[in-house]
Amino acid sequence: MSSLKRIVLDVLKPHHPNALDFASAIADENSGCRVTVTVTEVDERTESTVVVIEGDDIPYQEIVGIITRLGGSVHSIDEVEVSNVPGRSKRRPE
Amino acid sequence: MLERINFLFRLGHAHKIARRYFVTNGFDGALTMLGLVTGFYTSGNVALPVVINACLGAAIALTVSGLSSAYVSEAAEREQELLELEQALVHDLADTDHGHSARLAPLLVAAANGLAPLLIALVIISPLWLAQAGVVLPLPPLDASIALAFATLFLLGAFLGRVSGRYWLWSGVRTLFIAALTTAIILLIDN
Numbered sequence: 000m001s002s003l004k005r006i007v008l009d010v011l012k013p014h015h016p017n018a019l020d021f022a023s024a025i026a027d028e029n030s031g032c033r034v035t036v037t038v039t040e041v042d043e044r045t046e047s048t049v050v051v052i053e054g055d056d057i058p059y060q061e062i063v064g065i066i067t068r069l070g071g072s073v074h075s076i077d078e079v080e081v082s083n084v085p086g087r088s089k090r091r092p093e
Numbered sequence: 000m001l002e003r004i005n006f007l008f009r010l011g012h013a014h015k016i017a018r019r020y021f022v023t024n025g026f027d028g029a030l031t032m033l034g035l036v037t038g039f040y041t042s043g044n045v046a047l048p049v050v051i052n053a054c055l056g057a058a059i060a061l062t063v064s065g066l067s068s069a070y071v072s073e074a075a076e077r078e079q080e081l082l083e084l085e086q087a088l089v090h091d092l093a094d095t096d097h098g099h100s101a102r103l104a105p106l107l108v109a110a111a112n113g114l115a116p117l118l119i120a121l122v123i124i125s126p127l128w129l130a131q132a133g134v135v136l137p138l139p140p141l142d143a144s145i146a147l148a149f150a151t152l153f154l155l156g157a158f159l160g161r162v163s164g165r166y167w168l169w170s171g172v173r174t175l176f177i178a179a180l181t182t183a184i185i186l187l188i189d190n
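The listed protein sequences derive, respectively, from chains A and B.
Taking numbering that gives the first Met the number 0, the leading residue of the first sequence gets 0, the next gets one more, and so forth.
Taking numbering that gives the first Met the number 0, the leading residue of the second sequence gets 0, the next gets one more, and so forth.
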């Protein structure tokens, strides 16, 4: 079974919480995940950010839920790294 | 739970606004009590229950006014801010932390604005209650109340000084001067 190792999201979020609190909120609820938030553009009320999450098995839907709860919205998935862990494959050898 | 509530307050900067409202309306409460007690002081021989009831009535009016006015104005402000943020983000924020913060912040601000004058008034009129209960005070009850009002106003000024990063003593002396000026005007008019 494949697991998500790395994902890069384009996220539009309000100024508050700031990038530090935003990244901390995602990391706090997903132990083992490393979160990087880069602010790419600042408007009057919003910030465009690139959120990079790395981990052994990233729970994508939970991450989106946290981002939404914090007021952000995922515009696009820009990059993913998925790995098929040996021994966890759905396919069984014949 | 407390951490979450604290996060929601910080998100909407409610704690800073509440602090501002607490000092502003606390100042109102302290000066109102000072004015009332000084007025009774110059009237001479007014029964303590009359003074207590008048002060308590004024304190309750300030509390209800503070609670309702702050809640109504803050809720309207927050609603407008949330709407503008929703338009900028192009999605509904009702079920997000911003939505929860917008509904919670007016409660904190209203509580700070309403309870500040009540708490401060209760402190200022406490010598009157104590005297009525038969406790012997080092000063006559009205004098003690006026002294407490001065002390409270000084402390509010000192607190503001610490918040603004200025010298707390200078800030306290400034509010003390306002208290002295208020008392002087009342004494001048009453005489």
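Worth flagging that the hints you see were computed from the coordinates, not collected in a lab.
Certain hints may be false.
Here's a subset of chain A near chain B, in silico, CB distances under 7 Å, partners left out [as the list claims (entries may be wrong)]: (1) Pro13; (2) Gly31; (3) Arg33; (4) Val34; (5) Thr45; (6) Ser47; (7) Arg68; (8) Ser72.
Here are the simulated distance ranges between beta carbons [as the list claims (entries may be wrong)]: (9) Leu180(B) x Ser47(A): 52 to 58 Å; (10) Arg9(B) x Glu53(A): 58 to 64 Å; (11) Arg102(B) x Gly64(A): 18 to 24 Å; (12) Ala26(A) x His14(B): 57 to 63 Å; (13) Arg33(A) x Phe6(B): 18 to 24 Å; (14) Val38(A) x Ala179(B): 24 to 30 Å; (15) Arg161(B) x Asp55(A): 45 to 51 Å; (16) Phe6(B) x Glu53(A): 23 to 29 Å; (17) Thr35(A) x Ser163(B): 44 to 50 Å; (18) Arg9(B) x Val63(A): 22 to 28 Å; (19) Ser163(B) x Ser30(A): 40 to 46 Å; (20) Ser125(B) x Glu61(A): 52 to 58 Å.
Straight line, CA to CA, 20 Å or less: simulated SDA-like cross-link-like pairs of lysine to any residue [stated by the list, open to error]: (21) Lys4(A) x Asp42(A); (22) Lys15(B) x Pro16(A); (23) Lys15(B) x His14(A); (24) Lys15(B) x Asn17(A).
Even glycine gets a Cβ: it sits at the ideal position worked out from N, Cα and C.
Outcome of the hint check:
no. : hint                             : in the structure
1   : Pro13                            : 6 Å, holds
2   : Gly31                            : 21 Å, violated
3   : Arg33                            : 22 Å, violated
4   : Val34                            : 17 Å, violated
5   : Thr45                            : 5 Å, holds
6   : Ser47                            : 11 Å, violated
7   : Arg68                            : 5 Å, holds
8   : Ser72                            : 5 Å, holds
9   : Leu180(B) x Ser47(A): 52 to 58 Å : 53 Å, holds
10  : Arg9(B) x Glu53(A): 58 to 64 Å   : 28 Å, violated
11  : Arg102(B) x Gly64(A): 18 to 24 Å : 20 Å, holds
12  : Ala26(A) x His14(B): 57 to 63 Å  : 24 Å, violated
13  : Arg33(A) x Phe6(B): 18 to 24 Å   : 22 Å, holds
14  : Val38(A) x Ala179(B): 24 to 30 Å : 51 Å, violated
15  : Arg161(B) x Asp55(A): 45 to 51 Å : 48 Å, holds
16  : Phe6(B) x Glu53(A): 23 to 29 Å   : 25 Å, holds
17  : Thr35(A) x Ser163(B): 44 to 50 Å : 37 Å, violated
18  : Arg9(B) x Val63(A): 22 to 28 Å   : 23 Å, holds
19  : Ser163(B) x Ser30(A): 40 to 46 Å : 41 Å, holds
20  : Ser125(B) x Glu61(A): 52 to 58 Å : 53 Å, holds
21  : Lys4(A) x Asp42(A)               : 31 Å, violated
22  : Lys15(B) x Pro16(A)              : 16 Å, holds
23  : Lys15(B) x His14(A)              : 17 Å, holds
24  : Lys15(B) x Asn17(A)              : 17 Å, holds
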